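A.B. asks: Sequence:
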Amino acid sequence: MRLTNKINYLHLLRRNFNNWLSIGLYLYRGKWALPSNKKFLVVLRDHTRIKLWGLEINLLFSLLRKGIHINDALDCVINNRIPFKNEFDVEYNISIKGWCNEGNINNGNIFDVFLSEEYRFLNVFEMDVIDVGASIGDSPIYFALRGAKRVIALEPFPYSYSFAELNVKKK
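Heads up: the sequence shown runs through residues 42 to 212, numbered per the numbering used here.
What the hints contain is simulated information worked out from the structure, not anything from laboratory work. Each hint should be verified, as a subset may be incorrect.
As the list claims (entries may be wrong) - Think about it this way: if two alpha-carbon atoms lie no more than 25 Å apart in a straight line, the pair counts; the simulated BS3-like pairs of lysine-lysine are:
id: 1; residue 1: 47; residue 2: 72
id: 2; residue 1: 211; residue 2: 126
id: 3; residue 1: 190; residue 2: 211
id: 4; residue 1: 190; residue 2: 210
id: 5; residue 1: 107; residue 2: 47
id: 6; residue 1: 79; residue 2: 92
id: 7; residue 1: 107; residue 2: 92
id: 8; residue 1: 92; residue 2: 72
id: 9; residue 1: 190; residue 2: 126
id: 10; residue 1: 92; residue 2: 126
id: 11; residue 1: 107; residue 2: 72
id: 12; residue 1: 80; residue 2: 107
id: 13; residue 1: 92; residue 2: 80
id: 14; residue 1: 80; residue 2: 47
id: 15; residue 1: 47; residue 2: 92
id: 16; residue 1: 126; residue 2: 210
id: 17; residue 1: 126; residue 2: 107
To be verified - Pairwise CB distance ranges, derived in the manner of DEER restraints:
id: 18; residue 1: 168; residue 2: 49; range: 35 to 41 Å
id: 19; residue 1: 173; residue 2: 207; range: 37 to 43 Å
id: 20; residue 1: 199; residue 2: 158; range: 18 to 24 Å
id: 21; residue 1: 166; residue 2: 86; range: 48 to 54 Å
Just so we're clear, the structure is a prediction, and the values are computed from it rather than from any experiment. The beta-carbon is built from N, C-alpha and C at its ideal position, and this holds for glycine as well.
Full structure from sequences and hints, please.
C.D. replies: Here you go:
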């Protein structure tokens, strides 16, 4: 990680957390990544104390770097609520199950799919979409919200498939 990235990272920590120094020192010792299977106490600027898995804190930082407010970012990470607005200006609060399991398994790519919109370049409106490797159903839901006529999702792993089935039925 370059020095400017490290400084920006510390600036984000300082702006959002009261215990920024202890988290920063842990990051420094861990080569700028928190272990995903360990819980950490974070103290927000309003003195709210929350225990989060390392994976959740890493996801929280990626949201903060994208300019999302700390409360909205926490809502995303803790309550699985992802704000999404499609090109028709319809707003959704998407809740996807199965992307984080006991803080140490990261399934799917919901932040890249919904917040970074890595599939935005694809024109799926009124098209049939085949999603091979649908994981937990995050990308098929994204394509459906973007106006796809029909989405066929294929997922070979039973664990991910069970969550994909649950998420797609819910939407």
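A.B. asks: Are the hints correct? Go through all of them and say.
C.D. replies: Comparing the hints with the structure gives:
no. : hint                     : result
1   : 47 with 72               : holds (11 Å)
2   : 211 with 126             : holds (18 Å)
3   : 190 with 211             : holds (18 Å)
4   : 190 with 210             : holds (17 Å)
5   : 107 with 47              : holds (16 Å)
6   : 79 with 92               : holds (10 Å)
7   : 107 with 92              : holds (22 Å)
8   : 92 with 72               : holds (21 Å)
9   : 190 with 126             : holds (18 Å)
10  : 92 with 126              : violated (30 Å)
11  : 107 with 72              : holds (22 Å)
12  : 80 with 107              : holds (24 Å)
13  : 92 with 80               : holds (6 Å)
14  : 80 with 47               : holds (22 Å)
15  : 47 with 92               : holds (23 Å)
16  : 126 with 210             : holds (21 Å)
17  : 126 with 107             : holds (16 Å)
18  : 168 with 49: 35 to 41 Å  : holds (39 Å)
19  : 173 with 207: 37 to 43 Å : violated (20 Å)
20  : 199 with 158: 18 to 24 Å : violated (29 Å)
21  : 166 with 86: 48 to 54 Å  : violated (42 Å)
Hint violations for this structure: numbers 10, 19, 20 and 21, all remaining hints satisfied.
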